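There are 4 protein chains.
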Amino acid sequence: MSERVVLAYSGGLDTSVAIPYLAEQTGAEVIAVAIDVGQGGEDLAAIRQRALDCGAAESVVVDAREEFAADYCIPAMRANALYMDRYPLVSALSRPLIVKHLAEAAKYYGGTIVSHGCTGKGNDQVRFEAGLGALAPDLKVIAPARDFAWTRDKAIGYAEEKGLPIDVTHKSPYSIDQNLWGRAVETGFLEDIWNAPIEDVYSYTANPAESRDPDSVVITFDAGVPVAIDGETVTPYQAIVELNRRAGAQGVGRLDMVEDRLVGIKSREVYEAPGAIALITAHQELENVTVERDVARFKKGVDQRWGELVYDGLWFSPLKHALDAFIDDTQKYVSGEVRLALHGGRAVVTGRRSEASLYDFGLATYDTGDTFDQSLAKGFVQLWGLPSKLASARDARLGGTER
Amino acid sequence: MSERVVLAYSGGLDTSVAIPYLAEQTGAEVIAVAIDVGQGGEDLAAIRQRALDCGAAESVVVDAREEFAADYCIPAMRANALYMDRYPLVSALSRPLIVKHLAEAAKYYGGTIVSHGCTGKGNDQVRFEAGLGALAPDLKVIAPARDFAWTRDKAIGYAEEKGLPIDVTHKSPYSIDQNLWGRAVETGFLEDIWNAPIEDVYSYTANPAESRDPDSVVITFDAGVPVAIDGETVTPYQAIVELNRRAGAQGVGRLDMVEDRLVGIKSREVYEAPGAIALITAHQELENVTVERDVARFKKGVDQRWGELVYDGLWFSPLKHALDAFIDDTQKYVSGEVRLALHGGRAVVTGRRSEASLYDFGLATYDTGDTFDQSLAKGFVQLWGLPSKLASARDARLGGTER
Amino acid sequence: MSERVVLAYSGGLDTSVAIPYLAEQTGAEVIAVAIDVGQGGEDLAAIRQRALDCGAAESVVVDAREEFAADYCIPAMRANALYMDRYPLVSALSRPLIVKHLAEAAKYYGGTIVSHGCTGKGNDQVRFEAGLGALAPDLKVIAPARDFAWTRDKAIGYAEEKGLPIDVTHKSPYSIDQNLWGRAVETGFLEDIWNAPIEDVYSYTANPAESRDPDSVVITFDAGVPVAIDGETVTPYQAIVELNRRAGAQGVGRLDMVEDRLVGIKSREVYEAPGAIALITAHQELENVTVERDVARFKKGVDQRWGELVYDGLWFSPLKHALDAFIDDTQKYVSGEVRLALHGGRAVVTGRRSEASLYDFGLATYDTGDTFDQSLAKGFVQLWGLPSKLASARDARLGGTER
Amino acid sequence: MSERVVLAYSGGLDTSVAIPYLAEQTGAEVIAVAIDVGQGGEDLAAIRQRALDCGAAESVVVDAREEFAADYCIPAMRANALYMDRYPLVSALSRPLIVKHLAEAAKYYGGTIVSHGCTGKGNDQVRFEAGLGALAPDLKVIAPARDFAWTRDKAIGYAEEKGLPIDVTHKSPYSIDQNLWGRAVETGFLEDIWNAPIEDVYSYTANPAESRDPDSVVITFDAGVPVAIDGETVTPYQAIVELNRRAGAQGVGRLDMVEDRLVGIKSREVYEAPGAIALITAHQELENVTVERDVARFKKGVDQRWGELVYDGLWFSPLKHALDAFIDDTQKYVSGEVRLALHGGRAVVTGRRSEASLYDFGLATYDTGDTFDQSLAKGFVQLWGLPSKLASARDARLGGTER
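Chains as they are written, first to last, in UniProt numbering: chain A, 1 to 403; chain B, 1 to 403; chain C, 1 to 403; chain D, 1 to 403.
Each hint should be verified, as a subset may be incorrect.
Said to hold, decoys possible - Facing chain A, according to a computed beta carbon distance under 7 Å, are these residues of chain B, among others:
{"id": "1", "residue": "V126"}
{"id": "2", "residue": "A130"}
{"id": "3", "residue": "L190"}
{"id": "4", "residue": "E191"}
{"id": "5", "residue": "W194"}
{"id": "6", "residue": "I198"}
{"id": "7", "residue": "V258"}
{"id": "8", "residue": "I265"}
{"id": "9", "residue": "N288"}
{"id": "10", "residue": "G344"}
{"id": "11", "residue": "G345"}
{"id": "12", "residue": "T350"}
{"id": "13", "residue": "G351"}
{"id": "14", "residue": "A364"}
{"id": "15", "residue": "T368"}
{"id": "16", "residue": "S388"}
These are computed hints drawn from the structure, not numbers from a lab. Values in this document were obtained by computation on a predicted structure and should not be read as measured data. Just so it is clear, CB atoms sit at the ideal spot from N, CA and C, and this is done for glycine as well.
Same shape as in the complex, but just chain A:
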C-alpha cells in the first residue's frame, strides 16, 4: 500500500493545487479533509468533490460546528479571551480542532504525513504543528507554501498546467479566514497602518454608522455557558449563530489593530466577531456579579495567559489544561441573565440578575434597608494603610522618596 498524506483542505486554490503536487513530491496518496467550523460560504459537497477532481484518493468533510462552539468557542468566552485586550482568537481557536480531526483521519486512513497550507511567517503554522506534535508526534508535516516557497502565481501556473478544476481568474484582494467565532481579513492596502479599513472589507457586520432600530437581547448563562437567548433554549452553536446575526446587524464586533505575532513581528489585522464580542461582554459582566473579588482579580492574569497560550499555538499544552481547571472552578456560579443593548456598533450591558449574585442590596444601598456596619470601617482603613504609612514615615525620616 502506498503512503498517505492527510491534507487540511479548504477548497481554495492553494490546497487544491497541493493535491497533485503532494502526490508528485511524495509518491503518496492524498486524503483531503475539510472541516466545517461554521465558515459558511461554499457548499461542502462541492468542496468534497473538488478534492476528488483534483486527484485526492479520499475526500472527507466533517461537520464540526457544534463541537467547535461547545469545546473551543465557549471555553474562550469563559476565559474572556481577547488577545491584546481586543482579538477574540478566531483563527487560533479553529486550528486545534482541525488538527484533532486531521490526526483522527491520519489514524483512520493510515496516513503518515500531514499537510497544511500555512506560510512560514504566520501563527497558523505553529498552531498546526505544535498541535500535531502533541496529538500525533509521529506524523511528518509538509507545508508547501513554506517548505517549497510556493506562491500564488506558481500555484496558478501549476493549476493551469494540470488542468485542475479551479477558477483562478477571480483574484480577491483579501486574504480571509472565517469561522463561527469571527472573521479575519488581511489585504495589501491595510499593510499601511495609517490607512483606515473601508466598508468593503466587512462581511459579518453591517455598517454601525447606518441608522436602524436598536435591538435588545437577554442571554441566560448556566455555570458559564450560554443556554438561552431571550428565554429560548439554545445550544452553544445556536447561541453564537443567533448573536452573530443580531449583533452583526448592529455593526457590533469590528476590530482593527496592530498585533504581536508569535514569530516575532507585528502585523495589521482587521477582524469581525459580533457574536463573540456580545457573548464575552455579557459573560464578563455576569462574572462581575457572581465571582468573588480575589478570584476576579487573579482570573484576569489566568485569562490573559490562556489567550496568549492559545494564540501562540499551545492549545494542547499542559498549562492550557491546568488553566482550564482553574477557570472551570470559577464558573460554577456564573449563572443568570444579562440584558444587552445592541446598537450602533456597541453591545452594552443594561441589566443583570442572578440567583447566584454576590451583589447584596442591603450592603450596597444608601437608602432604607442598609445593613452595612460602618463602624467596622475605621479599623479596616487604619490597618489597610499601615504598611504604606510605615514606609512613608521611614522615607521621610531618611530624606525621602518624592511621592
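Since the structure of chain A is provided, determine the placement of chains B, C and D on it from the hints.
What follows is chains B, C and D alone, placed relative to chain A:
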C-alpha cells in the same frame, strides 16, 4: 491659639453643615479647602464665600486642574488604567490630589485635624485616610458621616436650626462625583441592577443613539503623553478638555457595571468618561505599535495592579511608586499619532503612525518587498512546541490526560 | 436552655481562665474543644479533664492528626508553600482545621458563640474569624485577649482568685505554637532582630552543628502525595512524623526571619519544620522532573498566591479553591522517587527517578545516543530574539536606550 | 583588506581549533577575544599567546571582572535571581557581558562575523545570538560546533593534522563553565539523574560534611549593593571574591537539579556558587526588613520573570530594562547590615539591623512598650473576610462548593 481642623470642602450640604458642627464638636477653628479638579458646575468664588458664611475661619480654593491632568490623569492613561477592565478611576484619581492639598493646608495653617465627608461603606474614606497616613501621619481624621452617623435628614435639620445659607429644598435623586477625568453617578433606582440607566443620568455625554455627523481626531503622543490634538499643541489638561468635548458629543465613554469595592461589597456604578476612554483607546493602540511584545504582555499585569492599587486607595504606596518606574521605562518610545473615529458612542482607532514604530512593513507584508526569512520558521516551530510534545507523549504513555 | 459558647481550648492558662470568665460575661455554658493537630506535649485526656475542672459544661478532644496531614499539610506541600520563600505556614494551616471542628461542635452542641485566645495584633485572629465567617457566618465571636484586653497578669490573678487547677508558677519565656507541620517560637529577646536565636529555643530539631552520621531517605510520591518512605508504605501523617524525626535529628528545617503580618506590621519569627522542609524539597525537585516548563513557571505564581492566601487567613476563600483546582491538575504525573541526603541542617536531593519523567536522556546527553536535532536551533534562536532585535534597532535609530 | 571574524576565545581545544578552521572556511582573518570574568585557572597572557600561535591575526584579553561583578552579578542579586528557585544564573550572566565585548571588538577591528563555541542544544547559543542581534544586528554569526556539527574527536584530529599547540591528551570527564558568580559542571555519569554527584565534581566549595569551625560574616548593603564585609569597604568584585572564599570554605552553595532549558528539554545540572548564595540569602533577608509588604509580594513575580528572561538569553531585551527600573526603585532603602553564620554547607541569617528598617519594635513587641492599637483589628478582620463570607453564604444557599 485654638486647634484647627482642615476640611475637604465641596460647597454642598454635607460639608457646609460640617463647618459649624466640627467647630462645636472639637472646639477648633475650621479651615475650608476646596480643590478645583475640573468638576465644573458652581463658581468657586461662591463656594469659597459659602464656607465663610457657614462659619469657617479661613476658606481656600485651589485651582489644581493642570496638576490633576498632568500628574494624575495622564499616569492613569499610561497605565491604561481601567479597573475591572472598565472603570477609568475617576474619583480614585482625584482623592490623592485632594489629600495632598489638605496636608499642605494643614501644614500652612497649623491644622492638627483633617475632616472629609465620606461614608464608611465606600472607597473614598480609604483613599483619604490611607493617603493622609502616608503624607501626614500625625493628623487626626474626623469623618462626620461615618464617625457620627450623620445622615442627610440630620444635616438638613441642623442647617435649618443654624440658619446656614444652603439651599436644602432641592433634593437631587443622584449622588454624583465628577472631575476632569469623568463622572460617577449613583442613585436609588440603579441599586436594582436589572434596571437600565435612563438618559437623565448623563451629563458629560450626548445620547449615542442620536444621529450626528461622525468626528475624527488625530492625537499626537510624545513618550506616552498627549501633546497635540489635530496638530495643535495642547497641555494634558487641554487635551482632556477637548476630548471630553468632542468624544462626549458623540456619546463616547458611558459605563455601567457592578464593581468590587475595597470594603468587600459589590456595588452598581454608572460612569461617563469620554476623554479618558478616547485617550486610553488611542494610547493602547500606540503601545501596540511601539512597545515590544514581552514588555506589552508583562505590562498588562503591571497595569492591572496599578489600577487596583489606585482604586484601593494606595496612590502613595511604595508599590505604586515602583510600578510607575516600570511604566515610565516602557513609555520612552510611545510616540506618534493615532487617528480616532468618534461616533455613535464609539472611539475607534482607524490609523496610527510613528517614527518609533516596531511594525516593520518588510517583515509584515505578503506582497513585494517581503524580507521575512520563512526558512527560520521550521526550527522555531519544532522547538517552541517541544515541551508540550514531550508532555503529551508522556501522558499518552501513562494512559493520559484527555486533551 | 442557656446559650452555649464553643471555646477553642488548648489546656493552657489563657483558655483555661477563659472558661469561667466567658461563663460570667455571657451567662452561657462553655463547651471546650481541643483539637489534636500533632502538637504533642501534654496528654489529651488530662487537657479534657482540666476544662471540666475549670467549669466547662462539655469538654471534647478531637484527634485530627490524619486529617490535618492529608487535607492541610499535603496540599501545602503540593503548593510548595513557603511564605516569603521561607515559612511553611505551620500555624496558618492548623487554624482552618480548628475552625472547621469548632463550627461542627457549635452545630452539634447548639453553640451560638465561638471563642478563641488570639490577640488583636497577630494573624491567627484573622484565620479564625475569616474561617468562621465562611463556615458559620451566624456565630458570634469573642476573643477575650483582644476584646477585653486580657493580659497574662490579669489571667493569673483571675485563676488564683477562682482557684482554678492551673499551674501559674511556671512562666516560660517562649510563646510557642506547634503542630505536626512545625513549630513557631516568639520570645522577648528575639524582638531585637540583631540577636541570634539560642539553642534553647529549639525542640523539633537537633543542633545542625553537632556531629552525627548522615542519613539518606528515599521518598516515593504518587500524584503529588508521599506514599512511601524507604519503600515502606505510609499515610501522609506517618510520612510527616517519620521525616520530622529523621530530618529533625539532622537539624533540618530551622528558620529565622522577619515576616510581613497581615495586620500590617513586620515581626521576627523563628520556626522549626524538619519534615515540611524535607518534603517540600523533595516534591519541588520531583516537579522539576515531571512538570512541563510553562506549567512550572506559571505554577510559581499560583504557589505564591496560595501561600499568601492561606497565611492571610483565606483558606476557605473561593480563590484558594480555584487555585487548588489548578494545582490538582498539575500533580497528576508528579509521581516517582526522590533520594534526599539529610545532614548538618541540610536536606539535599541527590537522585530522582520516575516513570513520568520528562527528562529525556536521548535529548539531554552529549554522549552517544544524542537524538536532539541541532539544525532546528538556528531558526529558533533567530525568531526567539527577533522582537528584542527590532526594538534595539529602533532604539539605536532614535538615539537609544542604554542597554 | 580581508574580512574579519571575531571569535569568543576560551583557550580550550574547541575555540583554538576554530581559529584555523574559521580562517579556512571564510577566508577571513580571525580576531581572538578572551574575556576575564573571574574564571580563574589559566594565565591570560598564555591564552592570548596561544590564539596567536594558532593563527589568530589579533588576540585580545579583556579584564572584565569588576564590570562583571558590578553590572551583571549585583543586579542578579538585587533580583534574588534563582532560576527555578535554585540556580543563580552563573553562565547566563557572563554571556551578555562577553557579547558586549565581542560587539565592541567587532566594531574596533572591523569584524563582520562573530563566532562562538556553543552547541545547538544548549542555552548559551541563544544568549550569544539574541545578545548580538540586539547589540550588533549586522554581524553574521558562525557557531562551528552547531553549524558544522563539529565534535571533540573531529577537533582533536584537526588539531593534530594542523600541529596546533594544544594539549589534546588530557581528557577531562567534566564539561565546565565557571566565573566569578559560580561554576557549572556537566558530565556523563550525572546524565543518569538517579546518580548522586561525587566529591570530585566540586572545586569552589569544600565538603560541607567535613568538620571545621563555623564562620560568621557581617555584610553591609547600601541601596541594594554590598559595600562592606565585616566593616571593611569592598567593591562588588571584592565582596564576591571574599564570600566565595569564606562561604566556599564552609561548603555553601552546592546545587544539583533538573532544569528546563530554553530549547525545550530538561537537563541535569550541578552548580557551585558559594558567594552568590551567601549574598542572595543576606540580601533577601534585608529586603524582608526594609521593603514594604505589597512591594515584596509583587517583586517576587518581577524577580522570577527577571531570572527567566536572563536565563532565556534576553538580557538586552526591553522587558529586562523595564524590570530593572522597577527593581532599582525598590532598592533605594535596602541598606543595613546582615550577619550570616556560615557552616556545614549552610549560610544562615542570624541578625539584621538597618536605619531604614520597617520593623517597628513598638508595634511588634508583646512586652512593655506595645503601641499597636488592637481595637482596630476587629473591623479589619470583618471587612477583610467579607467577600469570602458572602461567597460562602451564596454557595451554601445554592447547595454548595465543598470547602
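Do the hints match the structure? See the list:
Nearest Cβ of chain A to the Cβ of V126 (chain B): about 5 Å, under the 7 Å cut. The hint holds. Here the hint on A130 (chain B) is kept, as its CB sits about 3 Å from the closest CB of chain A, short of 7 Å. The interface hint given for L190 (chain B) is violated, since its Cβ lies 10 Å from the closest Cβ of chain A, which is over the 7 Å cut-off. Restraint check, E191 (chain B) versus chain A: the minimum CB separation of about 5 Å is within 7 Å; hint holds.
At about 4 Å, the closest approach between the beta carbon of W194 (chain B) and any beta carbon in chain A falls short of 7 Å, and the interface hint on this residue holds. Residue-level restraint check for I198 (chain B) is violated (minimum Cβ-Cβ distance to chain A is 10 Å; threshold 7 Å). At its closest, the beta carbon of V258 (chain B) sits 4 Å from a beta carbon of chain A; the interface hint therefore holds under the 7 Å criterion. Satisfaction of the interface hint for I265 (chain B) is found here, the shortest Cβ-Cβ separation to chain A being roughly 4 Å, below the 7 Å cut-off.
A cut of 7 Å between beta carbons decides the hint on N288 (chain B): the least distance to chain A is about 4 Å, and the hint holds. Hint status for G344 (chain B) relative to chain A: holds, with the closest Cβ pair at about 4 Å, below 7 Å. A distance limit of 7 Å between C-beta atoms decides the matter here; for G345 (chain B) the minimum to chain A is near 5 Å, and the interface restraint holds. Checking T350 (chain B) against chain A: minimum C-beta separation of about 4 Å stays under 7 Å; hint holds.
Checking G351 (chain B) against chain A by beta carbon gives a least distance of about 4 Å; that is within 7 Å, so the hint holds. The restraint placing A364 (chain B) at the interface with chain A holds, with a minimum CB-CB distance near 5 Å, inside the 7 Å limit. Taken as an interface hint, T368 (chain B) does not check out: its beta carbon lies about 10 Å from the nearest beta carbon of chain A, beyond 7 Å. The criterion of a C-beta within 7 Å of any C-beta in chain A is met by S388 (chain B), whose closest approach is roughly 4 Å, and the hint holds.
In summary, the numbered hints that this structure violates are 3, 6 and 15.
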